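Fit chain B to the given chain A structure using the hints.
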Amino acid sequence: MRSRAIAAILVFLLGVMLFTAGCAKGPGTEPYVVGGIFSITGPASYLGEPERNTMEMLVEAINAAGGIKGHPLKAVIYDDEGDVTKARLHAEKLITKDGAVAIIGPSITPASMTVLEITQKAQMPLISCAAAAGITMPVKDRFWTFKTAQTDQMAVERIYQYCKKNGISKVALITVSSAFGVAGKAQLLAQAPQYGMEIVGQEVFADKDTDMTPQLTKIRSLPAQAVICWGVGPAPALVAKNMKQLGFTIPLIQSHGAASQKFIELAGDAGDGIILPAGKLAVFAQLPDTDPQKAVCKEYADKYQAKFKGAPVSSFGGYAYDAMKMLTQALDQAGKDKAKIRTALEGVKNYVGVSGVFNMTPADHNGLTPAAFVMVKIEKGHFKLID
Amino acid sequence: MELASLLQYLISGLTNGAIYALVALGFVIIYHATTIINFAQGEMVMLGAMCAISIYQVYPSLPVAFLGGVALVTLVGILFERLALRPVKDPSAIVLIIITVGGGVFFKGVAMLLWGKEAYSFPSFSGETPFHLGGATLLPQNLWVLGLTAVVLLALEAFFRLTLVGKAMRACAYNPRAARLVGISQGRMVQLSFALSAGLGAAAGILIAPLTLGVYDMGTMVGLKGFCAAILGGLSSSFGGVLGGLILGVAESLATGLISSGYRDAVAFFILLVVLFLRPQGLIKGGS
Chain A
0 MRSRAIAAIL VFLLGVMLFT AGCAKGPGTE PYVVGGIFSI TGPASYLGEP
50 ERNTMEMLVE AINAAGGIKG HPLKAVIYDD EGDVTKARLH AEKLITKDGA
100 VAIIGPSITP ASMTVLEITQ KAQMPLISCA AAAGITMPVK DRFWTFKTAQ
150 TDQMAVERIY QYCKKNGISK VALITVSSAF GVAGKAQLLA QAPQYGMEIV
200 GQEVFADKDT DMTPQLTKIR SLPAQAVICW GVGPAPALVA KNMKQLGFTI
250 PLIQSHGAAS QKFIELAGDA GDGIILPAGK LAVFAQLPDT DPQKAVCKEY
300 ADKYQAKFKG APVSSFGGYA YDAMKMLTQA LDQAGKDKAK IRTALEGVKN
350 YVGVSGVFNM TPADHNGLTP AAFVMVKIEK GHFKLID
Chain B
0 MELASLLQYL ISGLTNGAIY ALVALGFVII YHATTIINFA QGEMVMLGAM
50 CAISIYQVYP SLPVAFLGGV ALVTLVGILF ERLALRPVKD PSAIVLIIIT
100 VGGGVFFKGV AMLLWGKEAY SFPSFSGETP FHLGGATLLP QNLWVLGLTA
150 VVLLALEAFF RLTLVGKAMR ACAYNPRAAR LVGISQGRMV QLSFALSAGL
200 GAAAGILIAP LTLGVYDMGT MVGLKGFCAA ILGGLSSSFG GVLGGLILGV
250 AESLATGLIS SGYRDAVAFF ILLVVLFLRP QGLIKGGS
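Protein chains in written order, with numbering that gives the first Met the number 0: chain A, 0 to 386; chain B, 0 to 287.
The following block holds chain B by itself, in its conformation from the complex:
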């Protein structure tokens, strides 16, 4: 086994893992506030990428496209919660989860109508000249993905642990009734969580668009892998989600490189099954 190759597998795995991690964080945020799983999260990633690509075509400035994409999708997240989830008469977790599945299909369909079925390219944030690192190469965009994941992770942890709003949000998940008794507006917290996770998903989508291209059905697989990562990490911990994502990404990359490229997608779902059988609470138990 060549060392340079191994390093290359690691870099590829960590970049993909960071993408899964960003999606997993979206799951974790909503789970924190509502104890439901938002299966439309993958589509937020897609919407982010597609919106940014469209904005860039009209006004070719990366910061504008990035912020515009994130803002638009955040709005979509808020509207989704408001129009599809809030009016439900029987807000039990399973009903809401099924609605999010439907929402995901809806977003994908609308995206297909808006953007068609073609793939679109999006320019890299800082050029495409690869860096060389001990025989392996990585693109500046890989660093952007890894860097943003780290920043988002720290910011989220700080938000949930240190700020009043973050604590209130977690309170809603642990005990909604008690949270209401102490004067926390649960509705507002849920809305905030959807806004946050949609914006985060969009940022992830825009970040990966230069690497993966943007296409209307890119969200589904990323969403599922992110879900695996979130489950692996224990759903209620941001660190767990990121760790789960990175493990998943590296496992996939190593499986492709060392065993056979046919097993790549099987790895994620195999890990998911093993975790659900053996350690359903995930690697890091949340709620500490």
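One chain only, chain A, in its complex shape:
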């Protein structure tokens, strides 16, 4: 009994010592706390993991360079596991307990939609890394919310522009039944009339499906000139494989969700000839030197690969890169005042990022145009810039 009491006292003393040691830095160097909520594990981990890595990498670099006007940055990063409820709890913790000045993330659209309700109320700047246009629209209800990822809307615009240019007017859709696919399909249908596209077939598949030959067989009997597939993860690669098995001769157009080296690896031979919109990061080496994003992409890719050996650089990490860079810029101008940070973010002009050139306005909290995407074609296992 007595030894347990002594042990408890010792632990307490140790705690006090650690606590005072943490406080000993003095007022001039009070750290800025930046929150992060990413889907680091769970089904969307391919998004959250590079985002977390990127944010940690940048914070480390900023602190090594002396912080922001002498203030070190402190990143508090939580994992929402792709779960909306957890994302919400983490956001509340960041606001009330951790004292964050701004939050980066979440990685996925449903979580972002939930978190922004809280951050809007708490008047906390939020820079989401998720895709849906609804995160920053309508802008009057998204006063405190920004995002760095290109929207589906832009990807669809690029795809339809490409189709029009190449004389394709009849397309069949095959989309995943998750939020990503539903949002993409809605955009594909909504923009079709504008570009004179006729949707001759619509098929869906589940995220974990492993055989899409029935859907594709149905499409094969339609007068489509191209198939547009909207999905992420292994499923779109299987669509490519199944199309090859069924002997399709019309081109397959994938979404930006397939713009990763992993996709090429999974699709194998079946990947050849696939056309898709991609962020410039995927093909930065092929960009003309006049493109301002070339240097930024190269810098990010080099640093990321040097730090996380063997990990391929992904456009998802790029979303966190741009968010963190713009936030750093805002903190530098505004200090820790949240309202001033928000105003500074809204005033970002001509920030050349990994995901595009950002021009924020009070009416546009994403700040990108369809030019953020390039069209690429997979040739012999590599992305080739075609448009």
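The set of hints was computed from the structure by calculation and includes no laboratory data. What you are looking at is a predicted structure, and each value in this text was computed from that prediction instead of being measured. We treat Cβ as the ideally placed atom computed from N, Cα and C, and that holds for glycine. Just so you know, not all the hints are guaranteed correct.
What the hints assert, rightly or not - Think about it this way: if two alpha-carbon atoms lie no more than 20 Å apart in a straight line, the pair counts; the simulated PhoX-like pairs of lysine-lysine are:
#1 K85/A with K120/A
#2 K297/A with K383/A
#3 K116/B with K207/A
#4 K339/A with K120/A
#5 K139/A with K120/A
#6 K116/B with K308/A
#7 K92/A with K335/A
#8 K207/A with K107/B
#9 K335/A with K120/A
#10 K120/A with K207/A
#11 K164/A with K383/A
#12 K261/A with K116/B
Unchecked claim - Here are the in silico distance ranges between beta carbons for each label pair:
#13 A305/A with P122/B: 30 to 36 Å
#14 Q56/B with K339/A: 49 to 55 Å
#15 T368/A with Y262/B: 35 to 41 Å
#16 R187/B with E264/A: 41 to 47 Å
#17 K335/A with Q56/B: 45 to 51 Å
#18 P222/A with P62/B: 43 to 49 Å
#19 A157/B with P311/A: 47 to 53 Å
#20 I97/B with G65/A: 52 to 58 Å
Okay, now just chain B, sitting in the frame of chain A:
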């Protein structure tokens, strides 16, 4: 309705059905010896695929990867029975079944840590040049899946009906006490059944990996569909399990092709519910 399309739906359905059938056979084997349902069966499929992929990366030979994967997972099955199920103080069926559910979650978690969350590809056994068959196409790998299912089914039936060990195993399920009285070591039979079904699951996983890719969470859905197939077929009959799997696969494929692709997964579970309501003993009543 185009004939070629219909044929294509059938081929796709039969291949998927054969996969479900192989998983269903794993359920049937363990049910034969223990009257419990091993909900970790789907994860054995995943482990088989992942182990084979890893072995192939180190030593690129398909036979070695196949046999190595099956051997490793068989070992996992034996250890699982030994360490998680055998020491249970109150071995009632429901307790053991819940343990297998926990085991499944555990295997999936470990796989996520070992292999990460990425998908991996695995080469086809004999090329990827599709055959043409009356306007429909099928891959050599589809034939491998169908062929192995047929071979396994016949071998299992022969084992359970003709060999002493197989008969002893069935005896354990019908009447454990009587089996013990005539000198059958029930513990050994249970262990054998877990080894067999784990190895079978692994073989199924390796076989489908070229078609479906290997990823840490591939086992859950396959396991559930296999379970539906086993229930549909009546749980205690190998033929029933295979028949259930094939019916399920073709029904899914036809539903996708002819009705709407959104209903695909609903079909399996709808069939499961209908069977449980109307004919809980399954299509083929076991124990004959």
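K335/A paired with Q56/B, Cβ distance criterion 45 to 51 Å = Check passed, 49 Å falls within 45 to 51 Å.
Is K164/A close enough to K383/A, meaning Cα to Cα at most 20 Å?
-> 18 Å, holds
At the C-beta level, are T368/A and Y262/B separated by a distance inside 35 to 41 Å?
-> 39 Å, holds
Please test the hint of 30 to 36 Å on the beta carbon pair from A305/A and P122/B.
-> Hint holds: Cβ distance 32 Å, inside 30 to 36 Å.
20 Å Cα cutoff - pair K339/A, K120/A = Given pair K339/A, K120/A holds - Cα atoms ~17 Å apart, limit 20 Å.
Restraint check for K120/A with K207/A, where alpha carbons must lie at most 20 Å apart = Judged against 20 Å, a Cα distance of about 36 Å means the pair is violated.
For the pair supplied as a hint, K116/B and K207/A, is the alpha-carbon distance within the 20 Å limit?
-> 13 Å, holds
Outcome of range test on Cβ distance (P222/A, P62/B; 43 to 49 Å) = At roughly 46 Å between Cβ atoms, P62/B and P222/A fall inside 43 to 49 Å, so the hint holds.
Taking 52 to 58 Å as the hint, is the beta-carbon distance of I97/B and G65/A inside that range?
-> 57 Å, holds
Between R187/B and E264/A, does the C-beta distance stay in 41 to 47 Å?
-> This hint holds: roughly 44 Å between Cβ atoms.
Do the alpha carbons of K261/A and K116/B lie within 20 Å of each other, as the hint requires?
-> The hint holds at about 12 Å.
Does the structure keep K116/B and K308/A at a Cα separation of 20 Å or less?
-> It holds: about 18 Å lies between the C-alpha atoms, which stays within 20 Å.
In this structure, only the earlier hint numbered 10 is contradicted, and the remaining ones agree with it.
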